[in-house]
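Protein sequences appear in the order of chains A and B.
Heads up: the first sequence begins at 209 in my numbering, then just goes up one per residue.
Heads up: the second sequence begins at 209 in my numbering, then just goes up one per residue.
Here are the computed lysine to aspartate or glutamate pairs in the EDC-like style, where the Cα-Cα straight-line distance is at most 20 angstroms:
hint : chain 1 : residue 1 : chain 2 : residue 2
1    : A       : LYS342    : B       : GLU377
2    : A       : LYS342    : B       : GLU229
3    : A       : LYS288    : A       : GLU267
Just so you have them, the derived chain A footprint on chain B, three or more residues with Cβ under 8 angstroms:
hint : segment
4    : 249-258
5    : 362-373
In short, the hints are calculated from the structure, not lab data.
Cβ atoms here follow ideal geometry from the backbone N, Cα and C, with glycine treated the same way.
2 protein chains.
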Amino acid sequence: MNTQETTAAAGITLTPSDLLEQWQGHRALTRRVIEAFPEEKLFTYTIGGMRPFGELAAELNQMAAPGAHGVATRQWIELKDLAKEEGLDVAPKTKAGILELWDWTTTHMNKIWEKLEPGRFQESDLAFGMYEGKVWWLCLYFIDNEIHHRGQGYVYLRSLGIAPPPFWER
Amino acid sequence: MNTQETTAAAGITLTPSDLLEQWQGHRALTRRVIEAFPEEKLFTYTIGGMRPFGELAAELNQMAAPGAHGVATRQWIELKDLAKEEGLDVAPKTKAGILELWDWTTTHMNKIWEKLEPGRFQESDLAFGMYEGKVWWLCLYFIDNEIHHRGQGYVYLRSLGIAPPPFWER
Numbered sequence: 209m210n211t212q213e214t215t216a217a218a219g220i221t222l223t224p225s226d227l228l229e230q231w232q233g234h235r236a237l238t239r240r241v242i243e244a245f246p247e248e249k250l251f252t253y254t255i256g257g258m259r260p261f262g263e264l265a266a267e268l269n270q271m272a273a274p275g276a277h278g279v280a281t282r283q284w285i286e287l288k289d290l291a292k293e294e295g296l297d298v299a300p301k302t303k304a305g306i307l308e309l310w311d312w313t314t315t316h317m318n319k320i321w322e323k324l325e326p327g328r329f330q331e332s333d334l335a336f337g338m339y340e341g342k343v344w345w346l347c348l349y350f351i352d353n354e355i356h357h358r359g360q361g362y363v364y365l366r367s368l369g370i371a372p373p374p375f376w377e378r
Numbered sequence: 209m210n211t212q213e214t215t216a217a218a219g220i221t222l223t224p225s226d227l228l229e230q231w232q233g234h235r236a237l238t239r240r241v242i243e244a245f246p247e248e249k250l251f252t253y254t255i256g257g258m259r260p261f262g263e264l265a266a267e268l269n270q271m272a273a274p275g276a277h278g279v280a281t282r283q284w285i286e287l288k289d290l291a292k293e294e295g296l297d298v299a300p301k302t303k304a305g306i307l308e309l310w311d312w313t314t315t316h317m318n319k320i321w322e323k324l325e326p327g328r329f330q331e332s333d334l335a336f337g338m339y340e341g342k343v344w345w346l347c348l349y350f351i352d353n354e355i356h357h358r359g360q361g362y363v364y365l366r367s368l369g370i371a372p373p374p375f376w377e378r
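Pulled out of the complex, with its shape left as it was, chain A reads as follows (with noise of 0.2 angstroms):
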């Protein structure tokens, strides 16, 4: 695919701004599944043999600001790193812990955007030493690994007989 030409017929597509928004409009999304569940069931419940959606949660907290870190600083630090002088519980078994990390990360991510220099999109990366690919793309990957675990969270919720969040508001 000849990327140079593409963008020399169509322009541009989307801003880090408009990145972000994206991203933190999803992560608002998943928070309200989130607190959808009743608090056993997020640590408990199961379909098929998944993880529980607690550990679904705990996954999206360790890539979020981590990789919105990643992507700004092109340092790709774990969460217990880079949260570790807030005093945080990075690993929370509690509903009430899970949600203070997603309101901590929703402020790094924030902020560490700041940082973001012109071009770092276009550019190659291998974030948290897994994933290659373009850094527009790893963003990409980290949202999309969000919706497809909190499209799992919306069954195991009807399943508990409880109504999730609308999937269109952000």
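We have chain A already, so just place chain B on it with the hints.
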């Protein structure tokens, strides 16, 4: 959010070809999820009163080619009208029929994408009389909706004892 200012600061992010590749990559994975369902379960198996995956796949088929068509041509046409000269079954009730429509969609999307004009992604539009936003955002919405429902398909498969295809393979 000041989009103009951020664009000036950080430049382009992704191109129409990149976006199409992202969309088609997700669709290729969803196709493998459809294939993983036993024929009968595709139309009957549900959790928590949700739609069977065959119905979710039908929704995705109804959005993809018409969505890409609207993005590229500014004409929002229903699938039945878009595909009527093709002799295709646009409401298939078999796995083979769903996959046939899926493959026609893949080809149509690639073809219609060539009509996309410079600057189109930055226009605002109202997709299918329902979804309003910048055109790049509409594209992401269609993709996100597919990831969301496909994630639900993963839970259905797991609860049927079937291993879904890896999420990271596109």
